[in-house]
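Engineer: These protein sequence lines are chains A and B, in that order.
Numbering-wise (my numbering), the first sequence opens with residue 35 and increments by one.
Numbering-wise (my numbering), the second sequence opens with residue 5 and increments by one.
Restraint-style ranges between C-beta atoms, simulated for each label pair:
{"#": "1", "chain 1": "B", "residue 1": "G244", "chain 2": "A", "residue 2": "P110", "range": "39 to 49 Å"}
{"#": "2", "chain 1": "B", "residue 1": "A274", "chain 2": "A", "residue 2": "R62", "range": "27 to 37 Å"}
{"#": "3", "chain 1": "A", "residue 1": "A46", "chain 2": "B", "residue 2": "A270", "range": "42 to 52 Å"}
{"#": "4", "chain 1": "B", "residue 1": "V258", "chain 2": "A", "residue 2": "L92", "range": "13 to 23 Å"}
Read the hints as simulated data drawn from the structure, not as lab findings.
Note that the structure is a prediction, hence the values are computed from the model and not measured.
Glycine included, every Cβ here is placed at the ideal spot set by N, Cα and C.
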Amino acid sequence: VIWASPAAWALAILAALPVVAHLWSRKRPMALSFPTLRFLRAASPVSRRLRRVQDWPLLLLRLAIVGVICAAAAGPTLSARWRQRAWQARLHRVIVVEAGAASASAAAEQKSSRNQGRIRRVNSAFSRSSVSKQSNFPVCSGNIVDEAVPAPAVPVASP
Amino acid sequence: VSVPTSPLSLDPALLARIADLELAARLIVEGARLGSHRSPFTGTGAEFQQMRPYLPGDDLKHLDWKHYARTDRLFTRVYRETTEWPVMLAIDTSRSMAFVDHHGMSKLRMGALLAAALTYLLVHQGEAVGIVTYPPAPDASTRYGGAGTSAALPARTGRPHMVRMLGLLSRLTAAGQTDLAGGIRQAAARLGRRGCLAVISDLYGAEDMHQALREVRRMGHEVVLFHVLSPQERHLDVAGDVEFVDLETEERLVAHTPAIREAYAARVAAFIAQQRDFAMTEGIAFVDAGTDRPADVVLRTFTQQRAPQAGGGR
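Please take these sequences and the hints and turn them into a complete structure.
Structural biologist: Okay, structure coming up:
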């Protein structure tokens with residue numbers, strides 16, 4: 035598991051709250067002076083066992099709730115094999131920009147160069163390795179390409 | 005023998021509040037209508053003492069029929085018992101007797117009321133009666149019995165002795181741990197020759213008591229057990245989680261009462277049955293003297309239970 039913000043585990047100190055609440059809310063039974071315990075002693079172990087069973091699950095449930103809240107705040111990501119494989123796999127995105135005569139105008143070239151600069155910046159955010167290895171190529175992800183390189187408005191002359 | 009509770013029976017809550025023990029004893033005795041009954045502890049007396057108006061419950065064989073024929077009024081002939089048979093009352097004053105029921109009647113108070121009523125009844129019938137309390141009260145040893153002994157008075161007759169007895173009973177406090185066997189042996193030793201021992205106790209610690217009572221029976225004494233229990237002890241009439249504190253040992257035990265109530269009541273019932281069976285086996289009278297029972301009813305139950313034995317026993 036990879037934690038996005040491990041510092042959030044400091045919230046685990048809140049686990050003390052259920053423990054304190056459990057001890058605080060445990061009512062002390064009414065004291066009663068009684069002539070003899072000889073008949074009570076034989077029958078009481080059953081009741082004491084029942085009392086323990088009733089109390090401990092409640093405390094464990096409260097602690098579990100606090101634990102879940104802390105874990106959620108820490109931002110867990112399950113580092114499974116399939117996910118690691120997906121991260122390690124190279125991502126090739128190829129963008130083909132037409133550089134024919136139709137886009138030979140100076141304005142189009144400037145626009146194209148600006149777009150290529152944007153593409154490089156965006157690409158570096160996606161994959162540093164892919165940018166370094168393919169820096170000579172106009173590389174970008176498909177959706178960004180769609181946004182960054184709109185279809186040329188200039189009519190293309192057929193050869 | 006079970007006697008239904010009369011609507012005129014004394015209210016235990018009322019008896020618990022009467023400070024004058026002699027008055028309470030007189031109320032109990034009169035409430036039990038024991039005016040012309042033979043003493044529950046002695047045989048038939050022969051000495052005529054007086055005549056008094058007939059009261060319901062009087063033995064018809066003591067009715068003066070000649071007087072009735074002359075005056076058309078019913079009178080009962082009262083005889084004075086001539087056979088002096090000392091009676092010792094052994095009262096358990098351990099801490100367990102300090103338990104108070106919902107009516108405010110403690111087991112010790114119930115025991116003192118019964119002892120006072122028996123004292124009143126016996127003294128007015130010319131019997132010698134004494135008392136032993138155990139375990140000894142902290143300040144009682146030097147006043148009544150000497151060093152190392154319980155608060156005790158020897159068996160005597162007469163009103164001055166009755167006043168001393170009632171005074172001792174009114175000062176009883178619950179303290180110490182149960183020592184039934186010791187108290188029974190001490191009371192039997194004070195009886196000397198053949199007599200009757202009346203034990204008033206909750207019978208906790210009965211294991212030692214059984215052997216002591218067998219010894220007392222072998223000595224030729226008669227024995228009566230007044231078993232004093234409160235209804236809360238019988239049925240565990242408390243709710244929820246309770247931390248029980250032993251009155252004698254101060255040991256603590258937490259229990260969820262709804263879960264153990266049935267098992268507890270069954271064990272108490274078995275304990276009572278065990279004591280009753282022991283008493284029956286040894287020829288001992290066993291009287292249920294619960295704090296929720298009117299004292300006069302307890303006394304009447306006892307006298308009716310004793311009536312057949314007292315007549316033919318000696």
